Amino acid sequence: MMRRGMVLLFVCAACSEGAAPELQEQEMGGFGFVDVTGEWGLDFVHDAGVTPEKHLPETMGAGAALADFDSDGDLDLYLIQGGELPVSGVEDDGNTNRLYRNQGDGRMVDATHSAGAAAHTGYGMGVAIGDADGNGHVDMYLSCLGEDAMLFGNGTGWFRDGTAASGVRDERWTAGCVFFDADSDGDLDLYVTAYLDVDLERPTWCGDRKEGWRSYCHPDHYDGLPDRFWKNEGNGTFVDATAEAGLSDSVGKGLGAIPADLDSDGDLDLYVANDSTENRLWVNEGDGTFSDGTILSGTGVNARGVTEAGMGLASGDFDSDGDLDLYVTNFDDESNTLYRNEGGLIFTDVTARWGLDAPTRMPVGFGTVAADLDSDGDLDLAVTNGHIIDNIELYHDGKTHAQSALLLENTGAAFQPVSAGDFGATSRVGRCLLAGDLDSDGDLDLIETACGGAAKIYRNDSAGEGSAASTGGVQASYLGSMLPRE
Amino acid sequence: MRTLLLLAILALSAPQGPRELWSQGERARAITALGAELEESESATSRRLLVDWCFAVHRYRAALDAAEGLGEAGGPLKGRALYFLGRYEEALLLLPETDGEAVLMRIEALQALGREWVAWVEVAGDLLGGTDERVFGLKGRRCMEQGEHEEAALWFEAALEVTPLDAEAMFGLGRALLLGGERERGLGVLERHREVTPLLDALDFAERGLDLAPAHGANHAAVGDAWRSLVSFDRGSYRRAERSYRKAVNLMSGAERVPVHLRHARLVAEHGRGALTAAKILDGVLEEIVDVRLLVRAADLYLEGGEKREGVERLERALALKPDDKEIARRLREAGGKE
Numbered sequence: 014m015m016r017r018g019m020v021l022l023f024v025c026a027a028c029s030e031g032a033a034p035e036l037q038e039q040e041m042g043g044f045g046f047v048d049v050t051g052e053w054g055l056d057f058v059h060d061a062g063v064t065p066e067k068h069l070p071e072t073m074g075a076g077a078a079l080a081d082f083d084s085d086g087d088l089d090l091y092l093i094q095g096g097e098l099p100v101s102g103v104e105d106d107g108n109t110n111r112l113y114r115n116q117g118d119g120r121m122v123d124a125t126h127s128a129g130a131a132a133h134t135g136y137g138m139g140v141a142i143g144d145a146d147g148n149g150h151v152d153m154y155l156s157c158l159g160e161d162a163m164l165f166g167n168g169t170g171w172f173r174d175g176t177a178a179s180g181v182r183d184e185r186w187t188a189g190c191v192f193f194d195a196d197s198d199g200d201l202d203l204y205v206t207a208y209l210d211v212d213l214e215r216p217t218w219c220g221d222r223k224e225g226w227r228s229y230c231h232p233d234h235y236d237g238l239p240d241r242f243w244k245n246e247g248n249g250t251f252v253d254a255t256a257e258a259g260l261s262d263s264v265g266k267g268l269g270a271i272p273a274d275l276d277s278d279g280d281l282d283l284y285v286a287n288d289s290t291e292n293r294l295w296v297n298e299g300d301g302t303f304s305d306g307t308i309l310s311g312t313g314v315n316a317r318g319v320t321e322a323g324m325g326l327a328s329g330d331f332d333s334d335g336d337l338d339l340y341v342t343n344f345d346d347e348s349n350t351l352y353r354n355e356g357g358l359i360f361t362d363v364t365a366r367w368g369l370d371a372p373t374r375m376p377v378g379f380g381t382v383a384a385d386l387d388s389d390g391d392l393d394l395a396v397t398n399g400h401i402i403d404n405i406e407l408y409h410d411g412k413t414h415a416q417s418a419l420l421l422e423n424t425g426a427a428f429q430p431v432s433a434g435d436f437g438a439t440s441r442v443g444r445c446l447l448a449g450d451l452d453s454d455g456d457l458d459l460i461e462t463a464c465g466g467a468a469k470i471y472r473n474d475s476a477g478e479g480s481a482a483s484t485g486g487v488q489a490s491y492l493g494s495m496l497p498r499e
Numbered sequence: 011m012r013t014l015l016l017l018a019i020l021a022l023s024a025p026q027g028p029r030e031l032w033s034q035g036e037r038a039r040a041i042t043a044l045g046a047e048l049e050e051s052e053s054a055t056s057r058r059l060l061v062d063w064c065f066a067v068h069r070y071r072a073a074l075d076a077a078e079g080l081g082e083a084g085g086p087l088k089g090r091a092l093y094f095l096g097r098y099e100e101a102l103l104l105l106p107e108t109d110g111e112a113v114l115m116r117i118e119a120l121q122a123l124g125r126e127w128v129a130w131v132e133v134a135g136d137l138l139g140g141t142d143e144r145v146f147g148l149k150g151r152r153c154m155e156q157g158e159h160e161e162a163a164l165w166f167e168a169a170l171e172v173t174p175l176d177a178e179a180m181f182g183l184g185r186a187l188l189l190g191g192e193r194e195r196g197l198g199v200l201e202r203h204r205e206v207t208p209l210l211d212a213l214d215f216a217e218r219g220l221d222l223a224p225a226h227g228a229n230h231a232a233v234g235d236a237w238r239s240l241v242s243f244d245r246g247s248y249r250r251a252e253r254s255y256r257k258a259v260n261l262m263s264g265a266e267r268v269p270v271h272l273r274h275a276r277l278v279a280e281h282g283r284g285a286l287t288a289a290k291i292l293d294g295v296l297e298e299i300v301d302v303r304l305l306v307r308a309a310d311l312y313l314e315g316g317e318k319r320e321g322v323e324r325l326e327r328a329l330a331l332k333p334d335d336k337e338i339a340r341r342l343r344e345a346g347g348k349e
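Each protein sequence line maps, in turn, to chains A and B.
The numbering of the first sequence is this note's numbering, which starts it at 14 and goes up by one.
The numbering of the second sequence is this note's numbering, which starts it at 11 and goes up by one.
Hints may contain errors.
Which stretches of chain A does chain B cover? Using the computed rule of at least three CB atoms under 8 Å from a CB of chain B, they are [what the hints assert, rightly or not]:
(1) 95 to 108
(2) 283 to 292
(3) 370 to 378
(4) 409 to 419
So the derived label-pair ranges between C-beta atoms look like this [stated by the list, open to error]:
(5) B:Arg218 to A:Val264: 16 to 26 Å
(6) A:Gly279 to B:Arg202: 43 to 53 Å
(7) B:Glu160 to A:Val264: 34 to 44 Å
(8) A:Glu52 to B:Gly198: 56 to 66 Å
(9) B:Arg256 to A:Asp346: 24 to 34 Å
For the record, the hints were derived by calculation from the structure and aren't laboratory data.
Source: prediction; values computed, not measured.
Think of the CB as a built atom: it goes at the ideal place given N, C-alpha and C, for glycine as much as any other residue.
Looking at chain A on its own, in the form it has when it is part of the complex (with noise of 0.2 Å):
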């Protein structure tokens, strides 16, 4: 019975990719996405696991990857299932994620039978990638609801659960991470965010008792987890250093974190996104111990000096003023917030500036990008959105489960919001969103995974010349990840 249930649910979200509204906005031109996923031959579709009991790891989605894991020169995908919660007699459905080898003009070839370890079934949320173990080959650590997952790849696509002997444990509910050298000995350690403390064996009701009204708690329900910080012993093999590295005050309901030089002075600082919760700036005193530059840098809350929900983020040099400035995803009612570098680690909330307010305001932003999407020499931002609440529109009529996704123009002192062709073109619930040149032709693609719906790829056939590489930046999104560019 629960599982007719879920499996009509599933086609309902899938009827629910409604048309998106018209775009008033300007028409700037230039941009042009056109979705790809069935002629590339991508066809994963995200199993929520959705139940009854609507236990909130349902309305997370899930990250995915873009990295060369065959060593042939191409981008390749790897996407995060979720599947049966892991709740008591609840068998696992065996759901794995799944590794789409390229071959080398954006089709897509599922290859996770030949990807060993990457077959993982746990209940996963997100994905880092990083050469860990300093072989050469892209390695992954996988966050999850449950046990989290170390995999390390040997250059050809396959890999090797090294969960064990890498001394990495986790069996909370993780959820963003990230690999780093933070303390600048040439190895990558990791930072992984936890989220909430929730106890999927006796859920909390939440909503209206009316029959079909049941909705997810609020974060706020819940207690946060404090985030872990993994120091790379130098051979993949990791100690829990958090203490250490001064980041033990980190309970804050972490869904995203970012590595960036954000003072300028040559080492990674880290930006943590908190739902609900204060954001955190961690700076890095250069020998891999962090002070809290929450306070002094003003990221910790909006404008308002107001706490939002972050999930996704991105930075990059917006303002084209040499350092790195900061945007954050956030929930509906709150706008996405740009944070711009003045430098001396004063950071300012320049959202309505920028033109940012008004067009992120009643989404719910999941994964953003900040790339030069068309070339132009500039960093644009694409977003998607979708709300977690599967029911928003009986308690709130005019919010909606499957949003439109956003891609917004940099003209130089604002962004503008403009159609992007099928990208944002239609309702989904978005999560993830990574941006890769998949066909090697020079532009960055998208890449949009869905709660509980199919995942998308967009070709960029956006106009302009340039390289997909020509403006740099720090890219990270909601539970993805993508090798830093240089």
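Chain A is already provided as a structure; the job is to place chain B on it using the hints.
Showing chain B alone in chain A's frame:
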């Protein structure tokens, strides 16, 4: 007699009017009923009420639809609904320029659209009066935009004089001091803002729950708890907490009131008239509800206030109600009483 009984049953089971439903906290049903009533017979008063009710439960699209029926008179209400729906361009066409609250929305809408808004701050000031803290906050915001940090700090301080828990003013003051060169003082204010922020978030969360179910006593108690946590930042929160606990108790019955009385006693003991007053409050409750939790807490408060005999007496009564409770027995022994 039988007829009277039948009439009473009929009266109880008769469909209730929308206003009764609303007053009982049945907000969704009240809105549906009032909508149906308007379909039967149009009335500007009832329609206006429907719009207000839709706003109260955050159903802005429904408010917009309902306001349509008011003709031109519904313009300002439609403007407000459009504002809350994030349709700022349309809202700006309808929000009246002569209403202070609407001008505040106009300013927010203009800001959201990245347009010029500064000139409207004076208009808001003229309409809302010289002591409205929101106008002070806007003036602070305006000065920050213009890099006038010293003046911004003065405006934010003025806002905090009126509303000590204004998050924007507190954050703005800290930032203005920091950027204006008063680094240590600014960081101090920002530390205080950091401490109060989660408490304000909890209050906001509790108030949203209350909006949806105002007849649910536990929601009032949750708001009371949120206010109680803010008392050390603003004494005015004490009365708000008391008021919320009182409303919660009025909506509850019997033993379900006990946790609320205990929380009220904690408020009084920690932030009000001290342990002994709190103990006496619980004594008053014990006249209505005999509950071991009330007795134990009253005992604690009496002992804390130095009234050992009273404390022991309450513990003895508690143990009489729960003779096998080892913890109460232990505490009674420690207090010098006899088991």
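A range of 16 to 26 Å was offered for this pair. Does it hold for the Cβ distance of B:Arg218 and A:Val264? holds, 23 Å
Is 43 to 53 Å a correct range for the gap between the Cβ atoms of A:Gly279 and B:Arg202? Since the Cβ atoms of A:Gly279 and B:Arg202 sit about 34 Å apart, the hinted range of 43 to 53 Å is violated.
Taking 8 Å as the C-beta cutoff, is the stated coverage of the region 283 to 292 of chain A by chain B satisfied by three or more residues? It holds, with 3 qualifying residues against the three required.
Starting from the hint 24 to 34 Å, judge whether the C-beta atoms of B:Arg256 and A:Asp346 obey it. holds, 31 Å
Between the region 409 to 419 of chain A and chain B, are there enough contacts, at least three residues with CB-CB distance under 8 Å, for the coverage claim to hold? holds (count 3)
Cβ contact check, 8 Å cutoff: the region 370 to 378 of chain A against chain B, three residues minimum: Satisfied; 4 residues make the cut.
CB-CB spacing for B:Gly198 and A:Glu52 relative to the 56 to 66 Å hint: Roughly 59 Å apart at Cβ, these two residues keep to the hinted range, so it holds.
Should the hint that B:Glu160 and A:Val264 are 34 to 44 Å apart at their CB atoms be regarded as holding? holds, 36 Å
Three or more residues of the region 95 to 108 of chain A near chain B by CB distance under 8 Å? violated (count 0)
When each numbered hint is compared with the structure, violations occur for hints 1, 6.
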